[in-house]
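Trainee: Okay, here's what each chain looks like letter by letter:
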Amino acid sequence: MNTTLHQYLRLVSHEVRLEFKNYHALTSLLVYSLATIFIAYISYRQSLDPITWNALFWIIMLFAATNAIARSFIQESRGLQLFHYTFLNPAVVILAKTTYNILLLSVLGFINLSAFSLFFSLSIHDWGQFSLGLLLGSFGLSAVLTLVSGIVSKAHNQAALVAILGFPLLFPLLITIIKFSGNAIQGVEWSLNQPNLYLLIALNSIIVVLSFLLFPYLWRD
Amino acid sequence: MARSWWWKITALVLLFYTYYEGFIGEIPRMPILNETIRNLYFHVTMWMAMLVLMICNAFYGILYLNKSDLYFDLVADESARMAMVFGIAGLLTGMVWANYTWGAPWVNDPQLNGTAASLLIYAAYFILRNAIPDDSKRARLAAVYGIFAFVMMIVFIMVLPKMTDSLHPGKGGNPGFNKYDLDANMRMVFYPAVIAWTLLGVWMMSLRVRIRRIEWKNEDQ
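Protein chains in written order, with my numbering: chain A, 565 to 785; chain B, 789 to 1009.
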């Protein structure tokens, strides 16, 4: 058990170090989402009503997440993959990758949020709830897309497939998260938003458990 | 089961019964619904058949992952195809019904969104299958995606509609059919109709499976 935990922590820190080692990938992610936000800004040229604001924000998050996570299995060299296959427990690998992607996407999410609210000013009534929603949304997006990119990495790495396979799976999550953060923007009372919160937590747990159970089958080749 | 005949006869008899009762049977007279209530036997039943076939797909996916027998993958593939056929049929019959009762073929309704989502999910499933040339790898990845997709879809069509209002009977303050006049008479047709369409779907699926197995054998020779 201890070695599993050890493996897990090592893998997560390995991912982080790998990311900072070639930080141009990180910068490209940032530029990608900032450019998308700017495109949205020059297309609208006016302040948005809360519903459009919310929807646009999450659509941009969706694309940023797809772009960020699609490469999570692709960037590894053949040799490193072979090393992982031989020595590591696949369930640990998917959990570590998912954890790293959650961290990455949460940070990216808050950067997106600040850039987005710079261009489209909107008074969010309940920042606490909205941030919680952003964290849970990043969690779900990362978990689904990590598994999907694991599937795609076995299918000749066709990067476009991540979006095609991932988007339909994300519908339930996106609907719930948009409802939750929409309520947060309008400052709906906490107790009214709670069912959505529970649903989000349940969805995220289902996703993680499923990728924990299913990923080992992708692993053996 | 595939070669025994009793359940095929049952399917035929029940289908005749469904059509007979569906077109000239007694129905309760209700405002707005009027004669369109007959569509109950042809619309709702499509969903039941589709759902059974999707369960088949997930079930055979699990079997494949455990046994690695390509026959299971074949059944999973064909049941997804047949589920797609029934899904589209259900969508079309629903659109006709909606046009006469709600005034438009497509309204923003959680049930409809769920349907559109599940059709998209299975479309993505076929795209994944087509992207992988290798048989056993295709089977494995498709099984993993299929199981994940099935769970997400169940969340979308079973859980989410319960949390929002819907125009469908029995939801969002609309009286359910059984509340007034899904009377004994209609029940006597509805349940057999569900069984009939489901059996028909399984029958068609098993025929396709048998054709493809013959094709395999011919290729081997």
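Errors might be hidden in some of the hints.
Sample of chain A residues lacking proximity to chain B, with all beta carbon distances greater than 12 Å (derived) [unchecked claim]:
1. F584
2. L594
3. L598
4. S611
5. D613
6. P614
7. T616
8. G643
9. Q722
10. L729
11. T740
With a Cα cut of at most 16 Å, we get these calculated EDC-like pairs of lysine to aspartate or glutamate [stated by the list, open to error]:
12. B:K855 - B:D923
13. A:K743 - B:D897
14. A:K743 - A:E753
15. A:K718 - B:D897
16. B:K925 - B:E823
17. A:K718 - B:D922
18. B:K950 - B:E1003
19. A:K743 - A:D690
None of these hints come from the bench; they were simulated from the model. Where is the CB? At the ideal position from N, CA and C, for every residue including glycine.
Trainee: Now look at each hint and say whether the structure bears it out.
Mentor: Do the hints match the structure? See the list:
no. : hint             : verdict
1   : F584             : 31 Å, holds
2   : L594             : 29 Å, holds
3   : L598             : 29 Å, holds
4   : S611             : 25 Å, holds
5   : D613             : 18 Å, holds
6   : P614             : 18 Å, holds
7   : T616             : 16 Å, holds
8   : G643             : 21 Å, holds
9   : Q722             : 6 Å, violated
10  : L729             : 5 Å, violated
11  : T740             : 7 Å, violated
12  : B:K855 - B:D923  : 15 Å, holds
13  : A:K743 - B:D897  : 15 Å, holds
14  : A:K743 - A:E753  : 13 Å, holds
15  : A:K718 - B:D897  : 37 Å, violated
16  : B:K925 - B:E823  : 50 Å, violated
17  : A:K718 - B:D922  : 11 Å, holds
18  : B:K950 - B:E1003 : 45 Å, violated
19  : A:K743 - A:D690  : 14 Å, holds
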